[in-house]
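J.: Sequence:
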Amino acid sequence: MKESAATLELVEWVSHHLEAHGQLLVHGASLEEIVTRAAAAIHDRQPGLVRIRVIHPGWWCATPCRCRPALASSNHPTWHYQQARSGDEGAWYGAEVRFRFAS
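In terms of my numbering, the sequence shown has 109 at position 91, counting the first letter as 1, and numbering is strictly consecutive.
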């Protein structure tokens, strides 16, 4: 059973996910909306100039974690995300976003 995208935040900080390739997973109908949401989330935590790089835009879905429990699982996520197709159940449009602070 797929987890509903409605249970995820519009901007998820996913740096502790094993499958994470970026720091944020952002919902948005367009690249402009994705960048705007990512910038706002970053500035809420750490004001300053930031460079944003959108990677892997497209359709996504989230599934509940079914990993076998391990000793070091305190920061293990309760869900995992993966690329999807637009017609998949629970699919939503978004992108992984990397950022770095400008000096």
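In case anyone wonders, no lab produced these hints; they're calculated from the structure. For each residue, glycine too, the CB sits at the ideal point set by N, CA and C. Certain hints may be false.
As the list claims (entries may be wrong) - Now the in silico label distances, taken between C-beta atoms and shown as ranges:
#	residue 1	residue 2	range
1	H74	A120	20 to 30 Å
2	R63	Q101	37 to 47 Å
3	P87	H61	35 to 45 Å
4	P87	E51	34 to 44 Å
5	R86	S48	37 to 47 Å
6	T54	F119	32 to 42 Å
7	V68	S48	18 to 28 Å
8	H74	E107	18 to 28 Å
9	P65	E107	33 to 43 Å
10	S104	E27	18 to 28 Å
11	P87	G66	12 to 22 Å
J.: Hint says 12 to 22 Å; check whether the CB-CB distance for P87 and G66 agrees.
T.: 39 Å, violated
J.: At the C-beta level, are H74 and E107 separated by a distance inside 18 to 28 Å?
T.: 20 Å, holds
J.: Can you tell me whether the CB distance of R86 to S48 sits inside 37 to 47 Å?
T.: 39 Å, holds
J.: Does 20 to 30 Å hold as the CB distance between H74 and A120, or does it fail?
T.: 22 Å, holds
J.: With respect to the beta-carbon atoms only, verify the hint that S104 and E27 lie 18 to 28 Å apart.
T.: Because 21 Å falls inside the window, the suggested range holds.
J.: T54 and F119, beta-carbon distance inside 32 to 42 Å?
T.: 18 Å, violated
J.: Determine whether the Cβ-Cβ distance between P65 and E107 falls within the hinted range of 33 to 43 Å.
T.: Hint holds: Cβ distance 39 Å, inside 33 to 43 Å.
J.: Against the range 34 to 44 Å, how does the distance between the Cβ atoms of P87 and E51 compare: consistent or not?
T.: 37 Å, holds
J.: Can you tell me whether the CB distance of R63 to Q101 sits inside 37 to 47 Å?
T.: For R63 and Q101 the Cβ distance comes to about 26 Å; the hint is violated.
J.: Mind checking the hinted window 35 to 45 Å against the Cβ distance between P87 and H61?
T.: 36 Å, holds
J.: Taking 18 to 28 Å as the hint, is the beta-carbon distance of V68 and S48 inside that range?
T.: Hint holds: Cβ distance 20 Å, inside 18 to 28 Å.
Hint compliance for this structure: hints 2, 6 and 11 are broken, all remaining hints hold.
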